[in-house]
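Chain E is fixed; fit chain X onto it per the hints.
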Amino acid sequence: MDALASLADGFAVALTFQNLFLALVGCFLGTIIGALPGLGPSNGVAILIPLAFSLGLAPTPALILLTSVYYGAMYGGRISSILLNIPGDEPALMTTLDGYPMAKQGRAGEALALSGVASFVGAFFATWGLVFLAPLLVKVALLFGPAEYFALFVLAFATLGGISSTNQAKAALAAALGLGIAMIGVDGQTGVPRFAFGEVHLYDGIDFLVAIVGLFALSEVFIFLEHRGDGSGEGKDAKVGIGRITPSWSLLRSTAPAMARSTVLGFIAGVLPGAGASLGSFLAYTVEKQVSDKDKTFGKGDPRGVAAPEAGNNAAAGGALVPMLALGVPGSGTTAVLLAMLLALNITPGPLLFQQNPDVVWGLIAALFIGNFMLLAMNIPMVGLFARVLMIPPKFLMPIVAMISFVGIYGISGSTFDLLVMVIFGLLGWVLRKLDVPLVPVILGILLGNLMEANLRRAMTISDGDWTVLFTSPLAIILWTIAVVGFVLPILVGKRIKRRMHMSEEEPGGATTVD
Amino acid sequence: MGDRLFGGIGLLLAAFFIWQATQIQVSFISDPVGPKTFPIIIGLLLGISSLAVLLKPDPKPDWPALGRLVEIGIAVLVLVVYAYSLPVIGFVFATAIAAAFLSWRLGTSPLQAIVAGAATSVGIYVVFHLILGLSLAEGPLGI
Numbered sequence: 001m002d003a004l005a006s007l008a009d010g011f012a013v014a015l016t017f018q019n020l021f022l023a024l025v026g027c028f029l030g031t032i033i034g035a036l037p038g039l040g041p042s043n044g045v046a047i048l049i050p051l052a053f054s055l056g057l058a059p060t061p062a063l064i065l066l067t068s069v070y071y072g073a074m075y076g077g078r079i080s081s082i083l084l085n086i087p088g089d090e091p092a093l094m095t096t097l098d099g100y101p102m103a104k105q106g107r108a109g110e111a112l113a114l115s116g117v118a119s120f121v122g123a124f125f126a127t128w129g130l131v132f133l134a135p136l137l138v139k140v141a142l143l144f145g146p147a148e149y150f151a152l153f154v155l156a157f158a159t160l161g162g163i164s165s166t167n168q169a170k171a172a173l174a175a176a177l178g179l180g181i182a183m184i185g186v187d188g189q190t191g192v193p194r195f196a197f198g199e200v201h202l203y204d205g206i207d208f209l210v211a212i213v214g215l216f217a218l219s220e221v222f223i224f225l226e227h228r229g230d231g232s233g234e235g236k237d238a239k240v241g242i243g244r245i246t247p248s249w250s251l252l253r254s255t256a257p258a259m260a261r262s263t264v265l266g267f268i269a270g271v272l273p274g275a276g277a278s279l280g281s282f283l284a285y286t287v288e289k290q291v292s293d294k295d296k297t298f299g300k301g302d303p304r305g306v307a308a309p310e311a312g313n314n315a316a317a318g319g320a321l322v323p324m325l326a327l328g329v330p331g332s333g334t335t336a337v338l339l340a341m342l343l344a345l346n347i348t349p350g351p352l353l354f355q356q357n358p359d360v361v362w363g364l365i366a367a368l369f370i371g372n373f374m375l376l377a378m379n380i381p382m383v384g385l386f387a388r389v390l391m392i393p394p395k396f397l398m399p400i401v402a403m404i405s406f407v408g409i410y411g412i413s414g415s416t417f418d419l420l421v422m423v424i425f426g427l428l429g430w431v432l433r434k435l436d437v438p439l440v441p442v443i444l445g446i447l448l449g450n451l452m453e454a455n456l457r458r459a460m461t462i463s464d465g466d467w468t469v470l471f472t473s474p475l476a477i478i479l480w481t482i483a484v485v486g487f488v489l490p491i492l493v494g495k496r497i498k499r500r501m502h503m504s505e506e507e508p509g510g511a512t513t514v515d
Numbered sequence: 001m002g003d004r005l006f007g008g009i010g011l012l013l014a015a016f017f018i019w020q021a022t023q024i025q026v027s028f029i030s031d032p033v034g035p036k037t038f039p040i041i042i043g044l045l046l047g048i049s050s051l052a053v054l055l056k057p058d059p060k061p062d063w064p065a066l067g068r069l070v071e072i073g074i075a076v077l078v079l080v081v082y083a084y085s086l087p088v089i090g091f092v093f094a095t096a097i098a099a100a101f102l103s104w105r106l107g108t109s110p111l112q113a114i115v116a117g118a119a120t121s122v123g124i125y126v127v128f129h130l131i132l133g134l135s136l137a138e139g140p141l142g143i
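Protein sequence lines, in the order shown, are assigned to chains E and X. Mapping the first sequence onto my numbering, position 285 (from 1) lands on 285, and the numbers just tick up by one. Mapping the second sequence onto my numbering, position 69 (from 1) lands on 69, and the numbers just tick up by one.
In isolation and in its complexed conformation, chain E is listed as follows (with noise of 0.2 angstroms):
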C-alpha cells in the first residue's frame, strides 16, 4: 500500500518535538474557539493565519498548527451547544437538539464525554478516508489540462451556494464579487494594471488574508455591536451540573451503530463539494432520527441525538480535506480558509502538491491522528474547564477577538493601508450576512480568481483562441455536467432543506457563524 508507506512517512515528519506542541497548542486553542458562542472554525483560521504567517512558521508546521485548530474548534463547538443550548458554531446547532435536554436532565457530563468520543470516531474515521481517497482523486487530478481546471473552478462556485444557501442568485453574486476583487492589481500574464485607479497599493491586488480577517473576523464584532451584549446574559444558565465526566460502556454501545452510520454520511458530505459540516451534521441526525427513533425520544436527551451530528459534523470536517488538498478546491468555509494558508505559504495545492511535498500533505495526516488522540485525551478530563471558558462575555471578548484581527494584519505589512482595508471588508461582511448574501463564495473567489483566469488564458492560448475547447474532452463535459446540476438543483430542492434545517434551530441569536 503507497498510501500507508506514505502515511508512515508523514508521522516520521509530524512527530517532532515542535511539531507535536504545535499541534497540542492548536487543540486547545481549536476547542476554546470553537467553544465561543460567536467563534467558529472559519473565523477562528481566519484570525490565526496571519499569525502563524508573521511568526515565520514553515509551512508544515503552520498548517499542523491550524488544522490542529480546525479539528479542536469541530470538537468544541459541542460545548455550548450542550450546556447552553447556543451552538458554539453552525455545524454544532444539530448537538443542541438532544445535548441541552440531556444537560438539563442533568446528565451533561455524559453527554459531553459521549459527544467527544462521538466526535473522536468520526475524524478518525473520516481521516482515514482522506488516507485512500485523497491519493486516488489526485491520479484522476493528473488527467486535468487548463480547460478542465477552468471547468473544475466553476464547478466549485457552482455548487458552493449549495444546499446550504437560499437563494443561488445570491450566491452567484458573492462570487462574482469575490472575483471581482481579485482582478484588481497587475495582471500576471501582460503587466498591465487593472482596477487599480492610479493608487499604487492596489498594484499588488488586495492581499486574501486582509479580506478573510475583515469578512469573517471583524464582521462578528459589527454583528455583537449591533445587538449590544446580546448573549452575555446567557453565562448564567451555565450552571447546569456536569455530573459524571465518563460515558459507560454501555452506552457507548448503544451509541455505536449511531456514530457508524453517521461518520460514513458525514464523510460523503464533507468531500461533495459545496456541503460542509453543517449539511454533515443535519444529515446524520436527520437519517438517525428515522432509523432509531422508535420510542419518539429524540428530541428529548437521546444520547443516539447527541452522538450522530456530532460524529457526522467531525467525519465532515475529515471529508471536507479531500477535495481541498487533492483537487484544491475547498468544499466549506473552513477550508477555504485553510487553502488562503496554503497559498499565503506558496504552496498551491492539488495534484502537484502530492508529488512535489509530499512532507507536507503527509506529515499534515499523520498530525491530524496524532492531534485526534490529543482531543479525546483532552476533552474528556478537561471539559469542565473548557465549559468555564464559555463564562467570558462577548462584551470583553469581541474587543480582544478584533485587537488580535489588527496584530495579525499590521504583522505580515505594516501597512495601515491593509488595515483600512480589512476594516472595509469587516462592514462589507456585516452587510452581506444582514442581506443573507454568504460569504464563503466571496473568499473563494479572491482565492481563486487568478489562477481560474490563468488556466482559461492557458487553454486559449493552447486551442489558439478557440472557446470549443472548454467543451470538448469527456473530463471537462462531465465537469460543466455536475456544475449546471449543481447550481439548479439546490434551486429546487435546497429551500425546503434549509428551512428544515433552521426550523430545529431554536436560538438564532447567539451563533451568526459562518461555516
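Everything labelled a hint here was simulated from the structure, so no lab data went into it.
To give an idea of the interface, some chain E residues facing chain X are shown, with a C-beta separation under 7 angstroms as derived from the structure:
id, residue
1, Ala169
2, Leu173
3, Asp187
4, Arg194
5, Phe195
6, Leu225
7, Pro399
8, Val407
9, Thr416
10, Met460
11, Thr461
12, Gly465
Subject to a maximum C-alpha distance of 20 angstroms in a straight line, what follows is the list of computed DMTMM-like cross-link-like pairs (lysine to aspartate or glutamate):
id, chain 1, residue 1, chain 2, residue 2
13, X, Lys60, E, Asp436
14, E, Lys434, X, Asp62
15, E, Lys434, E, Glu226
16, X, Lys36, E, Asp466
Computed Cβ-Cβ distance ranges for the label pairs, DEER-style:
id, chain 1, residue 1, chain 2, residue 2, range
17, X, Gly123, E, Val485, 48 to 54 angstroms
18, X, Val26, E, Val484, 30 to 36 angstroms
19, X, Ile131, E, Ser463, 52 to 58 angstroms
20, E, Ala196, X, Val80, 20 to 26 angstroms
21, X, Gly8, E, Ser473, 38 to 44 angstroms
22, X, Leu55, E, Ala260, 44 to 50 angstroms
23, E, Pro381, X, Val127, 21 to 27 angstroms
24, E, Pro381, X, Val126, 25 to 31 angstroms
Glycine residues also receive a C-beta, built at the ideal position from the N, C-alpha and C atoms.
Same frame as chain E, now just chain X:
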C-alpha cells in the same frame, strides 16, 4: 435597504466594472484572451445575478434601529482612527483606547471598560510581542 436596492447597487457596480475593464490598457504582447475578457465575463455574471436579486428579492432583513447603525458607524470610525494612530502613538496606547471603547459600547461600565481595554492591550503585547516576538507598531515611547 432591501434586496431591490442591493440588486440595483450590484447592477451599477457591474456596469462600472465592465466599463473599467474596457479601459484596461492592452500591451503589444498579449495572449488570445488578453487582460480584458475575464473581467468582462465577471462583470456580466455580477450584472445578471444582481438583476435576479432585484427582480426576485427575499424578504427584507430586519435592519437595526438608526441608533444601532450610528453605533456601528462610530465603531468603524474608531477602528479607522485606530489604524492611523498605531504608528503615531504606538501599539499599547492605541489598542488600550480602541479596546476600551469597543468594550464600553458592547455594554460594560466605563470604568470596567478602561480596565478591560488596558488588560487586552497589555495582554496582547505580552503574548504576541514579548513571548512570540511579533513586531507590533511602535510609538514614541518604544511600545
